[in-house]
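Undergrad: Chains as they are written, first to last, in our numbering: chain A, 7 to 362; chain B, 7 to 362.
It should be emphasised that the hints constitute simulated quantities derived from the structure, not laboratory data. The model shown is predicted, which means the values in this text are computed figures rather than measured ones. Heads up, a few of these hints could be off.
No copy labels: a pair is met if it fits in one copy or bridges any two.
[Claimed, not checked] In silico SDA-like pairs for lysine to any residue, Cα to Cα no more than 25 Å straight-line:
| # | residue 1 | residue 2 |
| --- | --- | --- |
| 1 | 41 | 250 |
| 2 | 282 | 208 |
| 3 | 189 | 258 |
| 4 | 189 | 130 |
| 5 | 282 | 179 |
| 6 | 41 | 190 |
| 7 | 282 | 242 |
| 8 | 282 | 296 |
| 9 | 41 | 340 |
| 10 | 282 | 299 |
| 11 | 189 | 156 |
| 12 | 282 | 143 |
The residues making up each chain are set out below.
2 protein chains.
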Amino acid sequence: MNDAEMDTPVPVIDLDIVMANLRRMQDYCDLHGLKLRPHIKTHKMPDLALEQVRLGAVGITCQKLGEAEVMVDAGLTDILMSYPVIGAAKAARLGALARRATMRVAVDNPVALRTVADAASQAGREIGILVEFDSGRLRTGVTTVDEALALARAVVATDGVRFDGLMTYPSSAATAPFIAAAKEAFAAAGIEIGMVSGGGTPDVWSKHETVGLTELRVGTYIFHDRATVGNGVATLDDCALHVHATVVSRPTPDRAVIDTGSKSLSSDLVAPSVGKGFGMIREYPDAVIERVNEEHGMVDLSACAARPEIGERVRVLPNHVCVVVNLHDTVVRTRGGEIDGDGTGVWPVAARGRSR
Amino acid sequence: MNDAEMDTPVPVIDLDIVMANLRRMQDYCDLHGLKLRPHIKTHKMPDLALEQVRLGAVGITCQKLGEAEVMVDAGLTDILMSYPVIGAAKAARLGALARRATMRVAVDNPVALRTVADAASQAGREIGILVEFDSGRLRTGVTTVDEALALARAVVATDGVRFDGLMTYPSSAATAPFIAAAKEAFAAAGIEIGMVSGGGTPDVWSKHETVGLTELRVGTYIFHDRATVGNGVATLDDCALHVHATVVSRPTPDRAVIDTGSKSLSSDLVAPSVGKGFGMIREYPDAVIERVNEEHGMVDLSACAARPEIGERVRVLPNHVCVVVNLHDTVVRTRGGEIDGDGTGVWPVAARGRSR
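Please work from the sequences and hints to get the whole structure.
TA: In structure tokens:
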């Protein structure tokens, strides 16, 4: 690989590390009897989703229908929509997907249930439903077992849909007690909870301790990032994606400017306990990307013994890799230290920007 | 326009407001004898750049060569690169552009100058150079008049390039004193400062008070956003772009979840004095988008008298519109309250993601 041929800023993915990360997670799930359903929102590349399934994943997770459309086009056949699908336009799209793949959808309210039922009706295919509950993140999900049961009853009473079980994100200390209480209440109501889907890379290696979980949804583990390293579930050696950048200015001895800003690294931060700034420069770990503008990264070098020259290339470990991938139409991929693929190494991020 | 036909999340641009914003800025520049060179990093759409030129702009500003390539392909002929261009790959691309359009490039160091000179040599065309100085933002730009003069001398001594003047961003209270001191020092050295380019929408209506400024670079004014409204240079009625979103969950009375997160709104915040959260919901101005995940916007409704239902559409005014546009492959545009264009209203963001 000739770094100098890849113009910056460019995300570069080490496929050897990717494969090791994928195998490690599949092995973990196999060891503990958990089904693995990787979340493709991190990589958004169909061939990597197919690789995850080839290694043993039961299917994939998508956040948005636009992602699922790209994945089904590429041959993925079993998809969980872990996100509320609402409204007539989305019902039509979900129905079209249900004619081509096994679809499940998480719902936390009756309007979402109605949308899925409309999709099933249009498709003439049954669609599985998971009731989403909140394990403390305070985003989507019903907050009580009573609400979960009421929604499950509504699912059972609705034509064209099938109640498959429960879903939460992330699974946490609050998850097992909810599952236990739900099992009791649902059993009394004569409703079987066939599966319980949890997830989240940040504390993934203890997920098997959550009693009742049957399936794991994780995304970030394919690449890892500064946040997951900071959380202790990965090491710097497990990080498969770096944004290669060039030092474009050295206005003062203590300041460098690199050609990655919020349009290529995002503005996402990490917890103060993990580190400062908008990414970690691997060659200068004591440097701090203290501010980003759209295309500028302002780097404080005051703690650095060695300092970069103008024109020097550096590798930035992103704070949050999922939003970084989503900024780039293409990535460069390497294998065995050489550019992978057709010689250019350039791969499209096929589901980039599919937020609808 | 039938809102329900535009699936969410989707950026929707009101072209009537755009045109009023473009005319107001051109009128301002005309009134004060400033040349207007709009920055296209905000909209990234060639037809809007052509409209800016049609209304009187002397040319456009691009941050990255990838943007300039899209704009020159579309017929733009006069471009200022307001960003350091560094390295052999970029020299080749700049050279190719210089054969097709009038190019100027800002530099703040000798390595950048060398790159531009290489490009000029490859193109067989002279390329204009502005020396960038820092007016207090502490990103790129030389920090003293002595450095500016040394670099200008180097430009004058370099074949293929032409010293055109100075550039800074944003122009501020520190700008006029720097210009005055530079004029004296450069005159003593026999170097003419032909133009001085400043800019920045956040305080744009006082830019004419900066003695010595000849040209204005502004981007955000085309759409405006929560930040520029907060800065007092625009009103809510001047805001031309909103991200239309759907309420997808109402887990508790005080919480709504909308289908826009950091992948469609970005994680950019505004100053605390301007407001809280990740955007402003126009229909519920007392609601706070207190957290975003990638596709979730968590809305605190506790201060709201009226509250939205699941399935309801809302319009989110972005905190920072430039990074929002860069997240979306397409936007919907309206004119006279009706969908513009071919009936779908869908327009590509042609230079989206062109960070290289």
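Undergrad: Check each numbered hint against the structure and report the violated ones by number, ascending.
TA: 1, 4, 5 and 9
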